[in-house]
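Asks: Throw the hints in and build the complete structure from the sequences for me.
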Amino acid sequence: MQTNFFRKIIFDEKSRSLLIQTLVIGIFALFIYLITQQTAYNLEKRGISSGFDFLHISAGYDISIRLIPFTSEDTHLRAYFVGLLNTLMIAVCGCFLATIIGFLVGIIRLSSNWLFRNIAYVYVEFTRNVPVLVQIILYYSILLNLPKIKQAIVIFDNFYLTNRGFFSPSPIFKDGFSIVAWSLVIAIIFTFFLKRFLKKKQEETGKQYPTFMINSAIIIFTPIIFYYIMGMPLEFDSPVLKGFNFKGGMVIRPEFLGMLFGLSIYTAAFISETVRSGIISVSKGQREASQALGLKSNFIMRLIIIPQALRVIIPPLTSQYLNLTKNSSLGIAIGYADLVHGFGGISLNQTGRAIEIMMMVMLTYLTISLTISFFMNLYNKSVQFKGNA
Amino acid sequence: MSSTTIQIISRSKYYNWLVKNLFSSWVNTILTVIALIFVYQVGSFFLNWAIFDADFRYNFQGELIIDRGFCSKNIMPGEYGACWAIIFARWNQFMYGLYPIEEAWRVNLIYALLPLAIIGILFDKIPFRRYFIYFTFIFPFLAYFMLYGGPGLSVVGTNKWGGLLVTLFLGVTGIGLAFPLSILLALGRRSKMPIIKSLCVVFIEFIRGVPLITLLFTANVMLPLFLPDGVNPDNLLRALVAVTLFQSAYMAEAIRGGLQAIPRGQVEAAQSLGLSYWQTTRKIVLPQALKIAIPPIVNTCIGLFKDTSLVLIIGLFDLLGIGRAALADMTWTKLYYEVYVFISLVFFIFCFGMSRYSLYLEKKLKTDNS
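Here the protein sequences come in this chain order: D and L. Sequential numbering from 0 applies to the first sequence in numbering that gives the first Met the number 0. Sequential numbering from 0 applies to the second sequence in numbering that gives the first Met the number 0.
Read the hints as simulated data drawn from the structure, not as lab findings. Incorrect hints may have been included.
Said to hold, decoys possible - No more than 27 Å apart at the CA atoms, straight line, and that leaves these computed lysine-lysine pairs for BS3-like:
| # | chain 1 | residue 1 | chain 2 | residue 2 |
| --- | --- | --- | --- | --- |
| 1 | D | Lys283 | L | Lys362 |
| 2 | D | Lys283 | L | Lys365 |
| 3 | D | Lys13 | L | Lys282 |
| 4 | D | Lys7 | L | Lys196 |
| 5 | D | Lys295 | L | Lys19 |
| 6 | L | Lys196 | D | Lys325 |
| 7 | L | Lys191 | D | Lys7 |
| 8 | D | Lys149 | L | Lys333 |
All figures in this text were calculated on a predicted structure; none of them were measured in a lab.
Replies: Here's what the structure looks like:
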């Protein structure tokens, strides 16, 4: 009877897997229990209190790069949001620039010009085989070696390149500018419907319309017309050298530029490889068939090659965006005040709430990662094969 | 008559190549000229800076460079390029960190034996491969004994390790420890048992969703909190824990890709022969899956090797950390480009080598399967 029972547990697949899983859960629970016990004991012994109340006390440090106002009297919670916004800002700018460089380089790598092709190849091999951290620090030190403010490099009269950053005029919005901005939004929405309408008409009549040209014209000229109607409600405040620094205008700090160049140049090398393999993956017959149908070469690229290449490109592109976002946490090495540097570094040192802060930082990155994956998956679905096939 | 024909043909071979690849059209010709100018400008600038106008150990007056004041470029600004003397002066630190220099032969021995330890894994058609594999399994213990010390050898604490030693230690050990762990994770993720599967999924996705730097911070700050009083792993070990967990999640995904590529028929055939789960996995599935997965695994290894530079941020002195320490030294400060270019070059050599190996494997796999 009893031997039968044991036999059943060991040789019956269902009960065996139940046994194994119960054991695993038990061990896991014990592990967690021991760790929490030990941690609570250690925290108590070291006199570290826990909880999230620290979020509401003032941070006591300043953050130079910020999108929302922040002073040292503001709370740690606000420091968290400042850091989060900085992380998102560098991630978005980095992805944008990396995509542009990556697509360019990827296409150049397929060029028929041997020299061009190989310059791109050298770029790819040299940037993707050197750690992104080394590159960020290298570009940052180049930026710090730019001329001092007094000897600033002047570009187009109002832009100054110095070792303290890139100074440029800042826009001042006057009354009525919101109308110009709204006109742009409405123009974009309008072109969306226009595109649908023209496509439908093309399907009915067979006549082709220069949709892209029409829509570009609408998007570009609507705000310009409104800009003049409203009496040019936009002025620029140029930076002026006063004493040891520039007054007015706005500045892009070398920390941001260093991060931006490091992240986007590094990631662009990977993106260019995915773009290249995506374009190669479209079989030669597709191009030949569309040539046989008499399509012009830019139509072949736009209607035949790119939609099919995108199917191959999107999934690895997503993981490159994710990598870039995660690598943006390296700002701490050059003092870019992102989430890890400000909240995860200085706040942690000041409050000593390591567990709470690291948990918040990690969960934030997880959320960002999952959000990017989610939207890229949506986009991916929209470019994948449609229909019954 | 015939000789001129041959001449035309032989000339046209190069001529054809040039026309086809560089001057096929007007646009192409212009692009070629622009590219040539670009290559000439960048290339001559870099070569002049790095080699022709550079100081190595002696400056232009023939003096040994002992601090940055002796660099030719600091004596005659604008005339000279890089000053590589900082690399020579700090060579021992770049290679061994603060490892006692009279014991450095131990590190050199391990550096020399490392290729022998991995050659058996990398290539499957070398003579005496079996003995190389045996050596691979002995090597970690040998390396531990030689590097850390023990009976007969003085103990060198890991706080004295640095430079290439730390970079290679974290890279090689991280990959070595992560490999078995990642196989278990990949199998667990494909397991039919829901609890084991979800544990593996959560672990893998969590690790892949957060940056390595947060894991390093966590290991650095929180590991001591998790552990009992007596157990206090040093900084290098903490970093190793983080790096191993990180690498195992990425490697597990690469291996899962290989597992998915195995046709179901293989498993079913093995089961119908009466093989158990572990027999099927060990003898049928894994050998095939790993073979397919090696190129992506190597790619994750390249990623990890580059990521070891992040330990600088938690205060370890890897190659980059040593480089920054050298720049912080008043006698050598401001030679950024020399230091960072040198470090980039070291990383480039290792990573480029690995990526070539991965390409070689991919080619080999293609011919094997056809």
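Asks: Now tell me if each hint is right for this structure.
Replies: Hints, verified against the model:
{"no.": "1", "hint": "D:Lys283 with L:Lys362", "verdict": "22 Å, holds"}
{"no.": "2", "hint": "D:Lys283 with L:Lys365", "verdict": "21 Å, holds"}
{"no.": "3", "hint": "D:Lys13 with L:Lys282", "verdict": "24 Å, holds"}
{"no.": "4", "hint": "D:Lys7 with L:Lys196", "verdict": "24 Å, holds"}
{"no.": "5", "hint": "D:Lys295 with L:Lys19", "verdict": "23 Å, holds"}
{"no.": "6", "hint": "L:Lys196 with D:Lys325", "verdict": "26 Å, holds"}
{"no.": "7", "hint": "L:Lys191 with D:Lys7", "verdict": "19 Å, holds"}
{"no.": "8", "hint": "D:Lys149 with L:Lys333", "verdict": "21 Å, holds"}
Checked against the numbered hints listed earlier, the structure breaks none of them; every hint is satisfied.
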